[in-house]
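The task is simple: from the sequences and hints, build the whole structure.
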Amino acid sequence: MKSVFLFCFICYLFSLVLFCHAINSITTGQSVKDGETLISVDEIYELGFFSPEKSDSRYLGIWYHNRQDEAVIWVANRDKPISDRNGTLRIAEDGNLFLRDGNGNSVWSSNASELSNDTTAILDRNGNLILSSAADTSKSYWESFSHPTDTYLPNMRVLVSQAMGENHFFSSWKSATDPSPGNFTMGVDPRGAPQIVVWENSKRRWRSGHWNAQIFTGVPNMSVSTNYQYGFKFTTISGNLYLTYVPSNPSDLLRYRITWDGIEEQLKWNEGAKEWDVLQRQPANECELYNYCGNFGVCSISKSPKCSCMEGFEPTFPDQWRNGYWSGGCKRRSLLQCQRNSNATELSSGEDGFKALRCMKLPDFTNVTAARTVETCQQTCLQNCSCNAFAFISGIGCMTWTEDLIDMQDFGKVGFTMYLRLADSEFAEGRKLSPAVIVVIVLAGATFLALSLWLFWRYNTKLKVLPAATTASWMRKNEIPISDLSKSKEYSTDFSGPADLITEGSQMNGAELPLFSFSQVAAATNNFSDENKLGQGGFGPVYRGKLPGAEEIAVKRLSKVSGQGLDEFKNEVILIAKLQHRNLVRLLGCCIEGEEKILVYEYMANKSLDCFLFDHSKQGLLDWFMRFTIIEGIARGLLYLHRDSRLRIIHRDLKASNILLDEDMNPKISDFGMARIFGGNQNEANTNRVVGTYGYMSPEYAMEGLFSVKSDVFSFGVLVLEIVSGRRNTSFRATDHVSLIAYAWQLWSEGKAMELIDPAIRNSCPENQVLRCLQIAMLCVQDSAVQRPTMAHVLLMIESNSILPLPRQPTFTSMRTSVDADFYLDCQEIVSTNDLTVTMVVGR
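Numbering (mature numbering (1 follows the signal peptide of the UniProt record, and there is no 0)), first residue to last: -22 to -1, 1 to 822.
Hints were generated in silico from the structure; no laboratory data involved. Misleading hints may appear alongside valid ones.
Unchecked claim - The list that follows gives simulated cross-link-like pairs (lysine-lysine, BS3-like), each with its CA atoms no further than 27 Å apart:
1) K333 - K585
2) K152 - K246
3) K117 - K211
As the structure is a computational prediction, the values presented were derived from the model and not from experiment.
Written out as structure tokens, the structure is:
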């Protein structure tokens, strides 16, 4: 009797255990009836039958378990509701999931093919209902994630295929209480650079802007919202490209959905308030509605009226535009050059130009070309008569628009720069003049020019250089006066000293550092003309110039908004002037007048290293011997700065654009605007303001502000990897690798380091020497500064055949933390006192 009682008690306890542990799967022959549910193992998601509010119809769906707002995320029979409460979900004999009503009629089926006769359906921890083999649950025959309704969950994959075109992956409910398919869909348009789009039937309603490997460029708050940080990703799986989303905190309950009224929402569960917080809603305002201002129109939510035509355009229907009906858009005022060539009524023959439009949401329907620089991207656009604009966006590349410019928005403080193509007449200061007026102006100008030349020749010997104060005053009121440098001896004794500047083959006598007058520098650069402009850096613009003795110079003009003071500027240039080494750029002098602070350098005929290294058309000009010579020269220059110069100097901004190449391709380190000077016995220091370029900055400097000679060693290691591979460290944003360092380590550790070599030199370089340089680079980019070699050891390893130590795996990945600043600061002027420098175009 006792044994029978004990057996019954054990059976009762076992039944309680089964009851307390929710079921998350069914197998062949099992079913889920109305009133029963499957619950995922972590008890987050639940599958069963439900009725929408104010409805008696029954649907099979998945929702959030045990939440006050049991938000439905998937519906099976959304267009075939069950009218009674006798519905049943089961796995049929053929292995498929079948949903039947109380009369036995088939309402819905998974319709999977090539099934085994032994299948199981599992509701996993991601909210995905998976039909798989009972013997091997890793083999999936069907998934609810592949057949979604209106909700996008983390870890869900959306197929992105150029061949397939637009993928309308999600569809809204018909109303708040009707799960049947509604009028709105959401998915991915893969053309050009992929973007998320919301459609109303077949018409676009909203788009996210193009993906640049970090964010969707048309969502302005993605640059500042921590909820987005790097959650989206395009991943290749089995040869197919998918859009996925992984939250930064896996414990967060996040979901995206397309509402029944066409709003794309991101929601997050607030456990404290027991409700869903709406993190974003798009479109959030009228300007986010697709093409709200029509073709070639720009919408700005902060302006009144919201819509305006782009520069060089005018309303297509002026009366409608004045009355606030902007859908008609805008049209060009003047035809482009190629359009004028086929139009006999247009007499102008000037070339087209480009107007920079900043802080923009870039237009829809772009073409991405293979151009690798801004200049080549511009030429690509100019060579196509249909091209209306171009942009060069980091993470995407060269984007051109050959159709009407559609769906543009002025974000105000964030966004991207687009270059709008305009006719030459749009750049003139006034309207077109009549032929008679033009003739009079030309004759008057010719007469005045002839008289001026005669007066200049007649009184040339009597001309004197204006004093500095007079020059500055005149410059503020009129055009900068140009003095005759061949007659001028205007050098200041403000920088007096006993030493002369001695360089290879020449010597500059007199003052330790010549002080040029502003008029001299202006004359040498033709009044800082755009034709002489070489580029723009964090310091300011750089111009090409020529001294009276035909010596070419590079003139770097400090931006007026720079916070650098006069005393600091003088102290810096004096110390840099004392640096004399064949691998350092030579400072010829400077100019200080009023607010003007100018540095005069020797001119480098071949511009900077990045002009060759990252340009496919020029990479082949840098053979391995030349690259090795450049690596060795940079190492020698750094060693001089760190050990052999009078004072120890940390460069802090070593990168390819700051390595200039002379006419013999000899490397010279330039741009000491970020340099710090140490005493002879000082080894490291700490700064409150981190300056430099992310991707080249050592971990301890980027995250703690601690810098030393080992900071430059890290930058040198990154630079060597770029020289060997021919790829930018930042070119890996769209890949599975965080940076060039991570990619190089993977190949090196797998014994595939030769795959990293630039294809332009891979078959012609000595393998041993290349692999040695790669190993030295990996030693230089180790996380710990203590583990990195000094430049003395680096140079010894480069020039000898000694056995090299093995590097440790680097884990530094903070380069991505600067992406938002890199992408969004092009709406502001970048100066050297900011937290980083962005050099747009380089050349000296």
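Going through the hints against the structure:
no.: 1; hint: K333 - K585; verdict: 26 Å, holds
no.: 2; hint: K152 - K246; verdict: 23 Å, holds
no.: 3; hint: K117 - K211; verdict: 24 Å, holds
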